[in-house]
Amino acid sequence: MAYLLKKNWWKWLCIALLVYTIIGGLLFPVPRLPILNETIRVLHFHVPMWFGMILVFTGSVIYGIKYLRSDNALFDVYSSQLANIGIAFGVLGILTGMVWANYTWGEPWSNDPKQNASAVSLLIYLAYFVLRNSIKDEQQRNRVSAVYNIFAYSLMIPLLFILPRMSDSLHPGNGGNPAFNVYDLDSNLRMVFYPAVIGWTLLGYWIASINIRLSLTQENLENAS
Amino acid sequence: MLKLIELIKKDLTVDWRQQNPVSGILLYLASTIFTSYMAFKGLITIEVWNALFWIIILFTAITAISRSFVQEERRSIYYFFLAKPHILIIAKLIYSLAYLLVLAILALFLFAIFFGNPVNDYPLFSLNLILGCIGLSSAFTMISAISFKSNNRSIMMAILGFPVIIPVLILAISNSAKILNQTIWSQIQGNMLTMISVDVIIIALTFILFPFTWRS
Chain A
1 MAYLLKKNWW KWLCIALLVY TIIGGLLFPV PRLPILNETI RVLHFHVPMW
51 FGMILVFTGS VIYGIKYLRS DNALFDVYSS QLANIGIAFG VLGILTGMVW
101 ANYTWGEPWS NDPKQNASAV SLLIYLAYFV LRNSIKDEQQ RNRVSAVYNI
151 FAYSLMIPLL FILPRMSDSL HPGNGGNPAF NVYDLDSNLR MVFYPAVIGW
201 TLLGYWIASI NIRLSLTQEN LENAS
Chain B
1001 MLKLIELIKK DLTVDWRQQN PVSGILLYLA STIFTSYMAF KGLITIEVWN
1051 ALFWIIILFT AITAISRSFV QEERRSIYYF FLAKPHILII AKLIYSLAYL
1101 LVLAILALFL FAIFFGNPVN DYPLFSLNLI LGCIGLSSAF TMISAISFKS
1151 NNRSIMMAIL GFPVIIPVLI LAISNSAKIL NQTIWSQIQG NMLTMISVDV
1201 IIIALTFILF PFTWRS
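Protein chains in written order, with this note's numbering: chain A, 1 to 225; chain B, 1001 to 1216.
So here's chain A without its partners, still in its complex pose:
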């Protein structure tokens, strides 16, 4: 994060990748699949939200661990702002997913394990912010919220593996959805999808870095006055 705050090249990369994603995602040829049809283009805007969310939360946990090891308040700012962006990604992922599911599966929420897992991870991080707001003493707040962050994240990861075993998923990859599995092999989609994941994740870190600067500046102003 410290490196990302200083350098700029990755922001240009992010813009380039996202422009490519939007143009490529909307215009490139896509495989014609039953049920999915043209809605498969949402792939580039929905699935990267989850990749982005998990990657951003992972960053948040890493800074949580660093905070506990060093007691440096800077790491707590990093950790909480990354978690903030993770929630935004999660909400966007759920919304885009519900729109997509409404057209392909017939209903916005169908008790799918992946939907449930995402709802749980949102609950965890919303609770994380309620916890932060309910502790007054700053050092204690930082430490306790870092502890909860690590504890909850490490239980969320097994959940992602347990839930799909409990019931069938409508998502591709499990539960037997042959029509969906085809796109795993489609090189046209892959050409846009992987850049899209990197682009959206970089955008998340970009927004987080602006938030981090803002809250550090506010802190400095408070200390100065």
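Hints listed in this document are in silico derivations from the structure and should not be mistaken for laboratory results. Keep in mind that a hint or two might mislead.
[Claimed, not checked] Pairs of lysine-lysine, DSS-like flavour, derived with a Cα cap of 30 Å:
#1 K136/A x K1084/B
#2 K1010/B x K1084/B
#3 K6/A x K66/A
#4 K1041/B x K1178/B
#5 K66/A x K7/A
#6 K66/A x K1084/B
#7 K1178/B x K114/A
#8 K11/A x K66/A
#9 K136/A x K66/A
As the structure is a computational prediction, the values presented were derived from the model and not from experiment.
Got chain A sorted already, so can you dock chain B onto it with the hints?
Using the frame of chain A, we list chain B on its own:
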């Protein structure tokens, strides 16, 4: 080791002397079971029995264990000099597990009276119950240590605890539903192993992270 036993003994004595909270939680258990008996009259199948049983265990656990650090508020300063946080958390884990197991056995007994007793395979059912109680009690002990530092503890306990406990709870519920439906061991072996590993993860995390919430 000696300190560990002393600390467990201390918790036991405290609960024994001020009987108010213990009798409170027993009454809580009895009245929730009786309320659900009135509400679910005639609707009880094995699946409903199972889900109801675990939900009541869940709520009893969160109510019983949320006290485990709150009651230490005035005493906590002495512990800094008396014991290392690692020993303290092990003592708390053992005590809350024992407490929850007693409550679970009582709940099973009351369930048998009101709703009938569908349990056939006692060894397997109690193994699953013990594994579930280990997960519930240790996760809630950790959450109780976290929410101890916040302002509104009872609400924090619930919103921090529920998302964290979901992996243990769904594994326990689905295992025990299968056990009640006469499943053989090899069919739930995988789930049992997953549950053991989740329990191990929870206990290891509690052990590592607790000292950070404690010193302040």
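For each hint, the structure was consulted:
The suggested pairing of K136/A with K1084/B holds, with an alpha-carbon distance near 26 Å, which does not exceed 30 Å. Taken as a hint, the K1010/B and K1084/B pair is honoured in the structure, with Cα atoms around 16 Å apart against an allowance of 30 Å. Straight-line distance between C-alpha atoms of K6/A and K66/A comes to about 19 Å, which keeps the hinted pair within the 30 Å bound. This hinted pair checks out: K1041/B and K1178/B have alpha carbons roughly 23 Å apart, not beyond 30 Å.
A threshold of 30 Å between alpha carbons decides the hint, and for K66/A with K7/A the separation of about 22 Å falls inside it, so the pair holds. For the proposed pair K66/A and K1084/B, the alpha carbon gap of about 23 Å is at most 30 Å, so the pair holds. This hinted pair checks out: K1178/B and K114/A have alpha carbons roughly 23 Å apart, not beyond 30 Å. With a CA separation close to 25 Å, the supplied pair K11/A and K66/A stays within the 30 Å bound.
Annotation: proposed proximity of K136/A to K66/A holds, straight-line Cα distance about 22 Å (limit 30 Å).
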